[in-house]
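A.B. asks: This is what each chain is made of:
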Amino acid sequence: MKTILELKNVSVGFGQKELVKAISTTIRESEIVALMGINGIGKSCLLKTLIGINPLISGDIILNEVSLKYLSPEKRALSLSAVLTQKPLMDFMRVDELVALGRSPHLDHWGHLKENDQKIIDESLALLGINQLKEHSFENLSDGQQQKVLLARALAQEPSLLILDEPTTYLDIPSKIELMKSLKKIAHEKKMAILLSSHDLDLMSIYVDTIWLIEKDGSLISKCPEEMKSSGLLQKNFNLKFEPV
Amino acid sequence: MKNHFKVFILFLLCLVFSISLLFYGEAGFTTQDALIIWQLRFPKIVVALLAGGMLSCSGLLLQIFFQNPLAGPDLLGINSGASLGVAIGILGSSLIPIEFQSISLTAMSLMGAIFVTFFLAFIIQTKISKVSLIILGLLIASFTSSTVNILVNFSSALQVKNFLSWSMGSFRDVSIESLPGFLFLSLVSLASLFFIPKKLNQYMLGDEYALSMGVNLKTFKTMLILICSFLVAVVTSYCGPIAFIGVIAPHIARSFLKRSDVRLTLPAAFLTGSLLALLTEVILILLPGNFLGTNSLLGLIGAPVIGFYLLKNQKRVLS
Chain A
1 MKTILELKNV SVGFGQKELV KAISTTIRES EIVALMGING IGKSCLLKTL
51 IGINPLISGD IILNEVSLKY LSPEKRALSL SAVLTQKPLM DFMRVDELVA
101 LGRSPHLDHW GHLKENDQKI IDESLALLGI NQLKEHSFEN LSDGQQQKVL
151 LARALAQEPS LLILDEPTTY LDIPSKIELM KSLKKIAHEK KMAILLSSHD
201 LDLMSIYVDT IWLIEKDGSL ISKCPEEMKS SGLLQKNFNL KFEPV
Chain B
246 MKNHFKVFIL FLLCLVFSIS LLFYGEAGFT TQDALIIWQL RFPKIVVALL
296 AGGMLSCSGL LLQIFFQNPL AGPDLLGINS GASLGVAIGI LGSSLIPIEF
346 QSISLTAMSL MGAIFVTFFL AFIIQTKISK VSLIILGLLI ASFTSSTVNI
396 LVNFSSALQV KNFLSWSMGS FRDVSIESLP GFLFLSLVSL ASLFFIPKKL
446 NQYMLGDEYA LSMGVNLKTF KTMLILICSF LVAVVTSYCG PIAFIGVIAP
496 HIARSFLKRS DVRLTLPAAF LTGSLLALLT EVILILLPGN FLGTNSLLGL
546 IGAPVIGFYL LKNQKRVLS
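Respectively, the protein sequence lines represent chains A and B.
The first sequence begins at 1 in this note's numbering and counts up one residue at a time.
The second sequence begins at 246 in this note's numbering and counts up one residue at a time.
By construction, these hints were calculated from the structure, which means they are not laboratory data.
Check each hint, because a few of them may be wrong.
Taking CB as the label site, the calculated pair distances span [to be verified]:
#1 A:Pro55 / B:Ile373: 12 to 22 Å
#2 B:Ile373 / A:Gly144: 29 to 39 Å
#3 B:Asn248 / A:Ser231: 55 to 65 Å
#4 B:Ser387 / A:Gly129: 29 to 39 Å
In silico contact screen, one side only, chain A against chain B (beta carbon under 7 Å); selected entries [what the hints assert, rightly or not]:
#5 Ile51
#6 Glu97
#7 His109
#8 Ser205
#9 Tyr207
Heads up, the beta-carbon is just placed ideally off N, CA and C, and yes, glycines get one too.
Using the sequences and the hints, build the whole thing.
C.D. replies: Put into structure tokens, the structure is as follows:
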């Protein structure tokens, strides 16, 4: 299977302070990877570096066989899209307008939607089952619905790598399961690689293919969920002790 | 289609106001004097249409930039720059060499405003935060007002009165001779708006999302501030500092359309701004005597409107 993302000795952090040190790993197409680790270990920082929000300290990130160093933001947006923790604040923004923005990297400077773009927008909405919300105002939706709309926008961008920063955080359990099922479906149907950060250990071990664990020393361990569970590394990193009461 | 119809209604209203201002105004209803109609009323209508629209567009851009529905052109200190230029032109005329005194006040205020504009464009390059940018605008305002105060001490009563009457703002000060210059600058500044509709829409999701959709933030922010400042600079130079239209009009337009797409809201905001400017002219014409300035009227209406909005939507404004 095709490699979508390759990290070579990547170090990320804030300023010169390195949080994640010299990690090397890959993501293949249709693969779902969960990025885990305790708060403040550098999960968001790593994701934001991939998106281009934070600068890369050292190493090389290769997306679809091209180094990010040689990709302009415009070009990068054609193969990478994101669902972030930041919520849009503008009022009067309609769901269809917001999802249509996902097409914008593919459009001219005026942002004119062609027939094909409209089709992709409708498909993204349908895939998440939110067609009926099209004309609703984004600000009036529930957290779960908002999350779906933001995901639909990211899908409409037609990326080969989809990045989600803590997508399950504000959702109740049924919504979490629904979201993970949709992601699984998307990864297989669209041959998309998905990288998400999360704290939901149990949920991730059911739905993802690989877990990346950032350890306290800034190194990264990549294992499938079963191996990760049996290795005892999760317990060690999350300070989970099973003492009889 | 429904939204295009709403924009069309705004356009029709502008047309009705413009035509009625052409037929009723200075020298009453019955005048057939072509001189009054074309030399007095016509420039006033064109200026109100464009100036109101430009202020409103600039306000909409800044509301998107600051992600705050109450942001407006007054925040950035561009008006203050223009005021300083004019103050030097009127009040400091005894201090500057005689060969420079022929420079018109419009040119002086344009220079003041453009100076602040370039200063802001330079500052934006340094990744200044949005709150700091607003504070910087306040600092520019207090710096210029201190300078103006010093100049007042050196000036005659007549000069001070001239400066004060400029600072009250008016759409009537552009003569038919200087109208082409105003038209040219207005159209150039408005044309610059056509470069950024897609990026503005993307930016509505915030810095990080915009970046993830391929917006080069530094270039975009510099362009946005330059365009906003240029729009305001042109208006202030010809009409004086006009208050409130830039804050209220874009908000009315967005509430009316209930949409966020800039390709719809920008024309709507322009027309709403024009409409408010024309409306103040209509009210000023209907009021007997000449005691109210444009800004006094706008302040009397604008301040309570914004106050009411603040109280009603505290959460949204402060978030």
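A.B. asks: Could you run down the list of hints and mark each one as holding or not?
C.D. replies: Going through the hints against the structure:
{"no.": "1", "hint": "A:Pro55 / B:Ile373: 12 to 22 Å", "result": "holds, 18 Å"}
{"no.": "2", "hint": "B:Ile373 / A:Gly144: 29 to 39 Å", "result": "holds, 37 Å"}
{"no.": "3", "hint": "B:Asn248 / A:Ser231: 55 to 65 Å", "result": "holds, 57 Å"}
{"no.": "4", "hint": "B:Ser387 / A:Gly129: 29 to 39 Å", "result": "violated, 55 Å"}
{"no.": "5", "hint": "Ile51", "result": "holds, 5 Å"}
{"no.": "6", "hint": "Glu97", "result": "holds, 5 Å"}
{"no.": "7", "hint": "His109", "result": "holds, 5 Å"}
{"no.": "8", "hint": "Ser205", "result": "violated, 28 Å"}
{"no.": "9", "hint": "Tyr207", "result": "violated, 24 Å"}
When each numbered hint is compared with the structure, violations occur for hints 4, 8 and 9.
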